[in-house]
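Colleague: Chains as they are written, first to last, in numbering that gives the first Met the number 0: chain A, 0 to 267; chain B, 0 to 552; chain C, 0 to 693.
Think of the hints as simulated: they come from the structure by calculation, not from any bench. No incorrect hints appear here.
Okay, derived cross-link-like pairs now, DMTMM-like style, lysine to aspartate or glutamate, Cα gap no bigger than 25 Å in a straight line:
#1 C:K90 with C:D562
#2 B:K157 with C:E516
#3 C:K460 with C:E357
#4 C:K212 with C:E195
#5 B:K93 with A:D83
#6 A:K225 with A:E259
#7 B:K157 with C:E518
#8 C:K179 with C:E133
#9 C:K192 with C:E166
#10 C:K489 with C:D499
#11 C:K489 with C:E469
#12 A:K225 with A:D66
#13 A:K148 with C:D253
#14 A:K107 with B:E435
#15 C:K460 with C:D562
#16 A:K72 with B:E201
#17 A:K107 with A:E177
#18 C:K413 with C:D338
#19 C:K460 with C:E494
#20 B:K93 with A:D86
#21 A:K225 with A:D265
What follows is a set of in silico ranges between Cβ atoms, one per label pair, in the way DEER data are often shown:
#22 A:D190 with B:S12: 35 to 43 Å
#23 A:G82 with B:P474: 23 to 31 Å
#24 B:H27 with A:R183: 56 to 64 Å
#25 B:M7 with C:R515: 53 to 61 Å
#26 A:G82 with B:S12: 33 to 41 Å
#27 B:R276 with A:G82: 53 to 61 Å
#28 B:H200 with A:L247: 30 to 38 Å
#29 C:P485 with B:I14: 52 to 60 Å
All figures in this text were calculated on a predicted structure; none of them were measured in a lab. The beta-carbon is built from N, C-alpha and C at its ideal position, and this holds for glycine as well.
Take a look at the letters that make up each chain.
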Amino acid sequence: MDRMPGWLRQHLAALRAVAVLTVLLGLVYPLVTTGVAQALFHHQANGSLVEGGHGSSLIGQSFTDADGNPVRKYFQSRPSAAGDGYDPTSTSAGNLGPEDVIDTPDRKSLLTQVCTRSKAIGELEGVSGARPYCTPDGVGAVLKVFPDKAVSVNQACPAVPFVATYEGRRVECARPGEDYAAGRTVPVRGDATAVVPADAVTASGSGLDPHISLAYAELQAPRVAKERGLDQAEVERLIRQHTTGRALGFMGEPAVNVLELNLALDRS
Amino acid sequence: MSTTLAGMLFIASLIAAVALVWKPFGDHMYRVYSTTRHNRAERVIYRLLGVRADAEQSWGVYARGLLAFSVVSILVVYGIQRLQDKLPLSVGMKPVTDHIAWNTAISFVTNTNWQAYSGESTMGHLTQMAALAVQNFVSAAVGMAVAIALVRGFARRKAGTIGNFWVDLVRGTIRILLPIAFVGALVLVAGGLIQNFAGPHEVSTLTGGTQAITGGPVASQEVIKELGTNGGGFYNVNSAHPFENAATWTNWFEIFLILVIPFSLTRTFGRLVGQVRQGYAILAVMGVLALASVLLTNVFELSGNATVPQAVGAAMEGKEVRFGVSNSATFAAATTLTSTGAVNSFHDSYTPFGGMMTLVNMMLGEVAPGGTGSGLYGMLILAVITVFVAGLMVGRTPEYLGKRIGAREIKLASLYFLVTPALVLVGTAFAMGSAEQRASMFNSGPHGLSEVLYAFTSASNNNGSAFAGLTVNTPWYDVALGLCMVFGRFLPIILVLALAGSLAAQAPVPAGAGTLPTHRPQFVGMVVGVTIILVALTFLPALALGPIAEGLS
Amino acid sequence: MSTPVLEKRRVGGGLLDPEQMIRSLPDALRKLNPATLWRNPVMLIVEAGAVFTTVLAVFDPSFFAWAIVVWLWLTVIFANLAEAVAEGRGKAQAATLRAAKRDTTARRLKSRAATEWDVVGAPELKQGDLVIVEAGEVIPGDGDVIEGIASVDESAITGESAPVIRESGGDRSAVTGGTKVLSDRIIVKITQKPGESFIDRMIALVEGANRQKTPNEIALNILLAALTIIFLVATVTMQPLAIYSKLVNPGVPDSLALNADGVTGVVLVSLLVCLIPTTIGALLSAIGIAGMDRLVQRNVLAMSGRAVEAAGDVSTLLLDKTGTITLGNRQAAEFVPVDGVSEAELAEAAQLSSLADETPEGRSIVVFAKQHYGLREREIHGAEWVPFTAQTRMSGVNFEGREVRKGAATAVMKWVRDAGGHPTDEVGHLVDGISASGGTPLVVAEKGRVLGVIHLKDVVKAGMRERFDEMRRMGIRTVMITGDNPLTAKAIADEAGVDDFLAEATPEDKLALIKREQEGGRLVAMTGDGTNDAPALAQSDVGVAMNTGTSAAKEAGNMVDLDSNPTKLIEIVEIGKQLLITRGALTTFSIANDIAKYFAIIPAMFAAVYPGLDALNVMRLSSPQSAILAAVIFNALVIVALIPLALRGVRYRPSSASKLLSRNLYVYGLGGIVAPFIGIKIIDLLIQFLPGMS
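So here's chain A without its partners, still in its complex pose (with noise of 0.2 Å):
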């Protein structure tokens, strides 16, 4: 050893050194940690699965038909971007910005996509689905103004432009294939206010969220109590039980299981 030179040892030193640890780290510390895992926690090792092994408590799943229709006597979970929706091979963000309101041929903007969302999820539960930046026909209410017209960028034509006017000027359809880039952007807020939650409308960053919001469960709780002819009262009560309030009283946000929910319905 002493014999070679200097800069060969540290080498062979590094050689040795990263089998050395791979062995300990990599193969030894996972292995021990696995069996003392599945010792001691071996429902939670395993993946949390739920009863009747219709998946893990804590991986969102749709509850819709083949179609991809909401099944409506389930609640129903968050938009997911995980390949076709809560799939657990493909996870993945929506990953749009928070300025991103113009559609192009290719894809929907985030804004209209939540404008779309909110208006299907208001025909769903039979409430408003109208909000803030969000056209009637549910596309994002945005404008390219330009010095003598404005284009409702996201409203293809023959669509009725949402406003007729704009600062003076007449507000156009959009007509497809038309460049429109070199217009003045313009969201228009509106005046209308949510009434469907934040949750139901954007996608969750692991597309795998297994929880919705308690207003969006209630909002959400008539339609499954009258689809099932169960009381509201219990649909409520069922809503609380499968709660998760804060931890420790400050950590997070208090969140509804919607497979655990929905499991419970079923077995009531």
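For chain A, the structure is supplied; the task is to place chains B and C on it using the hints.
Modeller: Only chains B and C this time, still in chain A's reference frame:
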């Protein structure tokens, strides 16, 4: 309780927890790095490594050992990824594409943990635990070793050596990271994280669809990913994934793990230089910057000032219901203030100024409190630059902790703070100058620019988080970002070690009334100012065309 | 040597004369040569930018472009002007010195014993040559007097018109070439090498001909270079981002600041010049030159800038007691009569014995008697003076039958006993008491009886205690060096308020003390004049040799004080500190300035594409063009405005580092942030009416 109050209590409880362990844990690390005794396991390891544990090394030898170790690590991680289908526990994964494997190998060895891949569809279990998680440990230990070497430079007098790299590496791993990781992993499993070796298994959902519930040694990797400020998630969506971050309190615990070493190292620093108050001063600088950043991020996210959040009613896009806006913002600040880069919510969909805070946190050089080790050495470099300007203003050759900051020291420190901004800006400029690379942007306008700026900021600062909209698994981005990660990690390390060597060789100057006191609020304020101004001055044009333009529209 | 008056002369400098600026203009223009400018990377970049924008303006002229071009060139010229003005002051001094360096001839002796000489030109003299110089002749070169004594007029180098005595042997043997012998005749052994005379070196120093950058200056230059590079990177890499931003906002028309090719060259250069630390870059060398110049104004010659900087770092100051801390002579402080003798009687005898005593001690007794006992000096005739000799160790007078003596206790007591007297023990007690308090007792006796004891005391110069308190606040430890016994030394040290003393000091002790301090990491400053001080002067970090001293001492030290005033050391330390403070303060100011410039230029460049960015235009500047031009003009004018400060140095008051920093941070940090907001706004208000500004 209101959301805001709960969010503030969440932050306060984290501060309290870090404050509680700061002293005992910092003292523990002090003993780890200063004792001359080796325990039995370590003696066995040194024998296996073939190194003389009691031989001190000059900075050059120390740096060569570190680089050799890192090169071998890159090759091994690359190799395992490319051969994973031939190895056990591949759970059906194919070999990783060459440019992604290269990028990933560098990413994990440099403590960046940038993910150009999607974990659940790319990496087998063995790759995750024997290649990636191993680097989570050792890259963190390397960072701490460099920080300790620099501190030794300040503490020693007329010394030719700065410690022994192999000893620092092994001790940091065995005595600090591994015990916490083991206990922490079990805590996380109790909270709902999975820890098994199963592949995905299909279940039928309530409405008759199918869903693949994934398996894997997640908890054991999650814990070190946070503790070592690595950030590379088992899954694509990282700590937003319920199997990586199941509950509101695991979220708290993970943030605590992220912060505990970088903050506590300031205590270790104070002990090693024999002046605990110097540790308090550095802690104060980090604390002021971190608290300001966390609060600002919370304010921006909670007020939700942008068109979509206004339409939605809250900045909930890309955030989990269980965490809510505030705790997500706190996590985002913690992960970018350190070199972690784990995310529990998606920064791309943050409000313009909330997203900008995560960018700015990284641009600060990740010093508040920064990565394991890298935060401390980065902050000490800033202290050196501050001392230089401030020291001149008191009419003496500047000195920090008794060591003179002369031409050689300032040359090394200047180069250090040149490297990362240059990488960030040059990388961003190249990407933005090419229509082909711009096509990777998911968002348009200033937000698209922010995505590219974020990618290069994250890679060059070894953070690893992303404005995840950008498509980065292209050969060009894999190579460019890979280069940023390598240079952003090892050039500063070499400069820091050289500085350590140069400081160690000096005889300390005794402190007197004419010496600039570096433990008072005055100095703390100056370091904070220098840190912010250096960043603001360098990155303001780029920020103006990205998040600021977006936020002020 | 005039007795130094310890007035509170603070480090300050001459006022800046506007004429000086005009006189230095040709020099400033000459310095535009890139070959000269390359030493200053910051200004070199500005000049490159000026050339580039000139070319752009020629091909695409507009009032705005030309205005920027002019002000960029002015920026470089202002920077050169600062340096030229600083150098100009040195040149004036060099001219005076050159006048003294007339070509003289020398009478060179063959050997010391020889009586013949040959006449050679002064430049031909070599080391070791012996020359003879008589009254009215100019000494041809630096050397030591080896024979004779002469009064010499050294006003050519010191500016002091009173002649000084130079004699062979001892510590007053050094003579300087170019000075004039007024009386007598001396033989001088030449110690200089041809062309390296003291005057030659002085000229080189004050002209800054071979000015070396000092360690801190080098370090600061590195930092400034790094900042320059980072801003260069920041501005250049902004271009693709700007092009992209313009591209995604196709509706925005091209402007003077931004078009499809990105930010226009003129604006990009303007931004770069405003961001790089031009203020400190422009003034850095002027600060250094002016620092040396301030020393020269105090008649101190520093052999290197390094020594001046080191002076600021000094943490231990070795001060000779005699001449520095005390007035140099002991003085009568008290008359203590023995029992049965009145004070007045003693005073009268003491005065009588000292009337003819021309030693300082003797004079002080007469003065003390007059001040405290109202005894006028009197002319006495027919008195027989008994002078002091080494054998008798006493002096006195025989007058009108009285025999009065004063002197060392043992000698006077013996004289009393020999005359049949019986001095009591009381005298012994008095003598011991005075010795114990650090004073010197002189016993006064009159024929057979002891009258009492005169208490001679070292008199500490007025204001020394305050000075040393200041030093302590600055973190500098003062150590008094004296040949006195420890008891005496301690008493004086206590009275003067020094931190420590070294008693019965030999040159070896001194050297050992310096080494010990340096071992602990402290920098040591000292003064010295004797040949035996040379090793200690060489060892100390700042060694100030007295001009009256030997050439060995002058060679060993790294500064020479032409006034030979040991108190000067304190001022040197202050100048050293002030030099560093000025650099640090202007660096801080320069960097702090950038914030306002960003707020001026970024909205000016990009508010067209992103109107929201106009919110950053907090100064509400009237138009993008005027905003950019105002920033560039401010950037140039601030250099001119700060030239006086650079030359004079930042105000320095001795205080703790912490207080100093607070003050300078407040003035130059906060001031540096605020000043440009105001300045740019005012300039904008003035220039908004120019053509092309809207």
